[in-house]
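All chains should be modelled from the sequences, with the hints used to inform the complete structure.
Number of protein chains: 2
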Amino acid sequence: MASDISEASPSTAELKLQFAPFSSALEAGFWHELTQKKLNDYRLDESPKCIKGYYYNGDPLGLPTRLTLEYSAFDVDGSTPARCCPALGTLYNTNTLDAFKTTDKKALLEKEAKEIWDAIQSGAALKDPSILCRFILLTFADLKKYNFYYWFCFPALCFKEAITLVRPPSVLDQVFSAKQIAALQDAYDGLCIKTGATAVPYFLIKYTDESVQMAVLGDWETFFSDTKKVTVGVYDPCTLSQHPGWPLRNLLMLVANQWGSKLDTVEVLCFRDRTLQGSRSIQQSVIFHVKLPELPNNSACPKSVGWEKNPKGAMGPRMVNLSECMDPKRLAESSVDLNLKLMRWRLVPSLDLDKVINTKCLLLGAGTLGCNVARTLMGWGVRHITFVDNAKISYSNPVRQPLYEFEDCLGGGKSKAMAAVDRLTKIFPGVNAEGYNMSIPMPGHPVNFSQTTLSQAQRDVEQLEKLIAEHDVVFLLMDTRESRWLPTVIAASKRKLVVNAALGFDTFVVMRHGLKKPPNTQSISTEPDSSPSCSSASSSSSTPAGAAPAVPGSSLFSNIPGHKLGCYFCNDVVAPGDSTRDRTLDQQCTVSRPGLAMIAGALAVEMMVSILQHSEGGYAVASSSDDRMNEPPTSLGLVPHQIRGFLSRFDNVLPASLAFDKCTACSPIVLDHYEREGFSFLSKVFNSSHSFLEDLTGLTLLHQETQAAEKLMFV
Amino acid sequence: MASDISEASPSTAELKLQFAPFSSALEAGFWHELTQKKLNDYRLDESPKCIKGYYYNGDPLGLPTRLTLEYSAFDVDGSTPARCCPALGTLYNTNTLDAFKTTDKKALLEKEAKEIWDAIQSGAALKDPSILCRFILLTFADLKKYNFYYWFCFPALCFKEAITLVRPPSVLDQVFSAKQIAALQDAYDGLCIKTGATAVPYFLIKYTDESVQMAVLGDWETFFSDTKKVTVGVYDPCTLSQHPGWPLRNLLMLVANQWGSKLDTVEVLCFRDRTLQGSRSIQQSVIFHVKLPELPNNSACPKSVGWEKNPKGAMGPRMVNLSECMDPKRLAESSVDLNLKLMRWRLVPSLDLDKVINTKCLLLGAGTLGCNVARTLMGWGVRHITFVDNAKISYSNPVRQPLYEFEDCLGGGKSKAMAAVDRLTKIFPGVNAEGYNMSIPMPGHPVNFSQTTLSQAQRDVEQLEKLIAEHDVVFLLMDTRESRWLPTVIAASKRKLVVNAALGFDTFVVMRHGLKKPPNTQSISTEPDSSPSCSSASSSSSTPAGAAPAVPGSSLFSNIPGHKLGCYFCNDVVAPGDSTRDRTLDQQCTVSRPGLAMIAGALAVEMMVSILQHSEGGYAVASSSDDRMNEPPTSLGLVPHQIRGFLSRFDNVLPASLAFDKCTACSPIVLDHYEREGFSFLSKVFNSSHSFLEDLTGLTLLHQETQAAEKLMFV
Ligand SMILES: [Zn+2]
Ligand SMILES: [Zn+2]
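Protein sequences, first through last, are from chains A and B. Position 584 (the first sequence) corresponds to 584 in UniProt numbering; numbering is contiguous. Position 424 (the second sequence) corresponds to 424 in UniProt numbering; numbering is contiguous.
Calculated directly from the structure, the hints in this document are not laboratory data. Honestly, I wouldn't trust all of these hints.
Quick list of the computed label-pair ranges, beta carbon to beta carbon [as the list claims (entries may be wrong)]:
1. Asp354(B) to Glu407(A): 52 to 62 Å
2. Pro81(B) to Ser691(A): 19 to 29 Å
3. Arg66(A) to Pro81(B): 56 to 66 Å
4. Ala182(A) to Asp626(B): 30 to 40 Å
5. Lys494(B) to Arg344(A): 17 to 27 Å
6. Lys179(A) to Lys494(B): 53 to 63 Å
7. Asp41(B) to Arg344(A): 52 to 62 Å
8. Glu470(B) to Ala182(A): 51 to 61 Å
Glycine residues also receive a C-beta, built at the ideal position from the N, C-alpha and C atoms.
Here you go:
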């Protein structure tokens, strides 16, 4: 039987039509549901059951022609996913492995083939052509070991001779004008609406240069006035350009049986309907012109084929062990994965999902921003999320901080970091979340009251250093400016990507910090842009060669490579600890417009994902507002330095600014002191007034020079 | 005693300094916590307890000088809200009403006054001036009826004679230059950091034209070189321009006691630090020049005053009954309210919060968009939220739909509408949420299979009509275009504000539908803009007078008044039911970038809130991208017609377009048929192909004319 299944190998004999067989795709959900049915419903009942799968005609080239069964397969009256075509099947679930092995597969196939043939002969298949695309599934569920044995069959009636191609296959847009293609698409959508189906598997087509008409199979006699030229259509799950998928086989048998003697040749449209990056195209549909062999005069059922080969290419059953993923938690995981894969398959084939999913994210702050960032990360499938916060949940939090509920506020309130972890686990048990209820020491906030406070600060610093080292991306989501200083320094030193978000009342900033070159390259790169990871992208940089920028980052510069971008403190000319500046942006978080944190949190994650898709990651040249009209640098779009949002105007701008050589957080002198002296340097910063950092970086001198210059100017 | 409390009435005798007394502000949370303490901790213990309140020096003019106690009052070592000044107090909680009444209030006050006086004399008050601003709270908690009796006292030591003003008070910016003001602000912030406090209650000041220096009270001797001119500062919670608040009283007593003989006059800065709409100002701080009376030579404690008057203006206790709000749920409500009020008090004094909070919102769709819209509405304090959805929660939903958790997916999944209601209640028990698990009939989706399906459709329509009538704003948040048609028609007919949001893969649209004029005005308004509600705003409208727009809405028109704006279907030249158009925007909701729904959901609510703040509501002229540089029409900013967002570019544009007179949803002919024929018209739409609506509105004719015109052009 195996030898009869036509393979999708390109061109063995040019003139024979060959069909790409279905591959069965059984989601873990299907086996979970089968287990439930077996335990609660079927028990020892081995009688055949009706089940439902579906296939899709919009996959990108290269994916196999899949027939998918998921947990919904047992709900035959349930809905089918949008734009997918349902296929009904018969499930034979045996009670023993022996019964599975000894089941007469030939008889099962012939029984099903006979039903199809009878429906063709009686005309029933004309009225309901879905019978032409049925399947058989033979299973045995070993529920002790969670071994599932199965064998799929997609019955196809065979002509005695080969179906010949009158001419080579053509892609639709080689044959149809743009106008005809648009009309064809219109006509198909109309047919779906008329029949109330998500997809029509088989249909009739009539067209002129001006218009395209479509009808269901049953309307053949009234639809085609002459049979010189007859076009039939099939919703085709195959992605190969030279071959149709399996569903066409039984349609051609029906056509031959019903009208074979009247037809000269038959034109076949394999309708493929792809939507990629938001734009729909049916252009890659394929047209075949075939001559059908004559059927014998007797009405005996033709020979049939259809049992699926196993992964080794031999005729035989398959087995899957699901002992690790039979609980609903695993089910949730595979559903979330499937959803993300759909995004890739249908919209952005070049998307590197693994890069996103495997990113370890450290969220400093579990308030309004932290909650929203965590939720968006979950949506992207990120599995490793760690929270740091020292606050407790208060009664006004849950309506704005979407990981907390009223109950979390009782009894003085749970720790935010811990409650956030609990919630993530409740949302998606597969997440790997951790919480740290700890403070982040801040400049100008002395820690030297006693030996106890000093040791505590040292432990906090060490913990934070360890956490930053263990993660890939650090999100700064606190509600004070000062608390961002220490993680900015540590992450800059460890070359970790930092994504920073801060809120005003109706404005926000979301930014990535500049990512310093690796320490080894930095020491030797006295020439500008000598780092190989940046040279290609920053070739057009307008930064003066070798000159460190002498003024606070300016957005006049374009094409700034990632390693030259500023941090959150680069634009400030005073050290953190003095809360005069940016006070409105940081300290009024609780009185922001409620939508603001959702927008900023979502943008922070989306910006991170876009950066991860860039081949240079955090070293990528910053996109600016001006780049909005240019070809985007990643499959997801721009990779800006900053997004500054203005809710009152519903506007965002994308400034980019250079690192400031006197920055109190990321300048070489600060990093150098931190790397050489460690906590003894940090504790000086914590315990001193802001002038300490300003003296160190030369900001004090700059102030004095500026004042002197001002005096000079106004003499 | 009462007669001794100086009142804040403006100018009785111009030369006497009078102080605005504190008003006690006890949040429900305070009484809740007191109840817990009494029940679990104090029991019959009547000994005095230390508690903590706080006051704020940034309230807008008109608010009383409040000393606030909330549930945190019992956690004396806990944190104080940002920029507020803590005040310690002594709680005397009696076991009986009789004990409350017979407590010797004079003795309590004198005891406290004596402690203050002793601290002044010993110099302890110099080291820790917080003793100068203490309070007494006498309470009795009747926990059977939840009656709370209380009397507040803010002890102040009195001079024998009046304190005289040397000259009239001045507002800071009448006396200080901008440079001095900036330096003053800087110096104060520096002092806060140095002392590690959220606010410094009392301080010393020295200034020149060029600089301002500050020090704590204890540094007096080293700080002031001569005492000819001495300036002291007080963190002043009063908002009146002619009077200082209460905290200054004991400071002046300290100054007189410590240095009285050396001082000629004292300059007092009442430091007031207001942040309004994101910009901080200390300019309204007030400067007084006072001459202090001499103190008697003996060290006897001066007379003291301080018991608060009751609401009738008499000396006596107050009582509050909290039987309705003693459970934690009420506590959550008052916390959420307080948070919103802070937004108004500190940032947007003209914000009409009640208008927002009392808006009844109907959410059609409880998926990604519905969940995010509901969360943002909760953040704004909206209490009445109703969901309509017919879907069940599947395993892939919780990571993207922030009202659901893994558990909601088990056993086939809960109804989204119902689960959303449960979740809102868990987040905020005070919400008034309802869910309807029902379908919305759609054009081109026949309902006439049987009498049962037809009756069901009729019931669904009636239910939807009822729901729309009962709500103020209708959110369209479904994932198909067709399902938006019926609510668009009903809401247009009922003149309800519609906010519509739809997602593509990385693009979205958020829009308000045009709000038709009320039916009675419409019949008589054949002249353009005769409606009084629109005439003022739309006077510069460039729409041709009286001419209905003949082409689908164009964004070339500016200043379109709300009643002329288009709906979701106005830009379409085919009827809903044909899902060719906008397919990518509606049908791929599940494969949107995860952050997109959060952004669009948040913007939909923020746009609604902005519209509600406009005096003309949904009739307001639409703001466009060009208006971003103009004076915004509301305190919250623009009121656009549409926000179209592009996540790949992090960009939003604000197109505005006119209603289309052949629109298949909001045109007069459709509304007229709906209003006259009701369900019999609707069922025709549901059961027919899209040509029915196109024929009705004249779209078919338009198509034919366009085709004829095209033919003519290409002859
Ligand atoms: Zn920096
Ligand atoms: Zn319309």
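Hints, verified against the model:
Restraint check, Asp354(B) to Glu407(A): a C-beta distance of roughly 29 Å breaks the suggested window 52 to 62 Å. Between Pro81(B) and Ser691(A) the beta carbon distance is about 28 Å. The supplied range of 19 to 29 Å therefore holds. Our hint of 56 to 66 Å for Arg66(A) and Pro81(B) holds, since their Cβ atoms are close to 58 Å apart. Here the CB-CB span from Ala182(A) to Asp626(B) is close to 34 Å, well matched to the stated 30 to 40 Å.
For the pair Lys494(B) and Arg344(A), the supplied restraint of 17 to 27 Å is violated, since their beta-carbon distance comes to about 43 Å. Take Lys179(A) and Lys494(B): their Cβ atoms lie about 42 Å apart, and the range 53 to 63 Å is violated. Against the hinted window of 52 to 62 Å, the Cβ-Cβ separation of Asp41(B) and Arg344(A) comes to about 58 Å, which satisfies the hint. For Glu470(B) and Ala182(A), the hinted distance range of 51 to 61 Å is not satisfied, since their beta carbons lie about 43 Å from each other.
Going down the numbered hints, you'll see the structure goes against 1, 5, 6 and 8, while the others check out.
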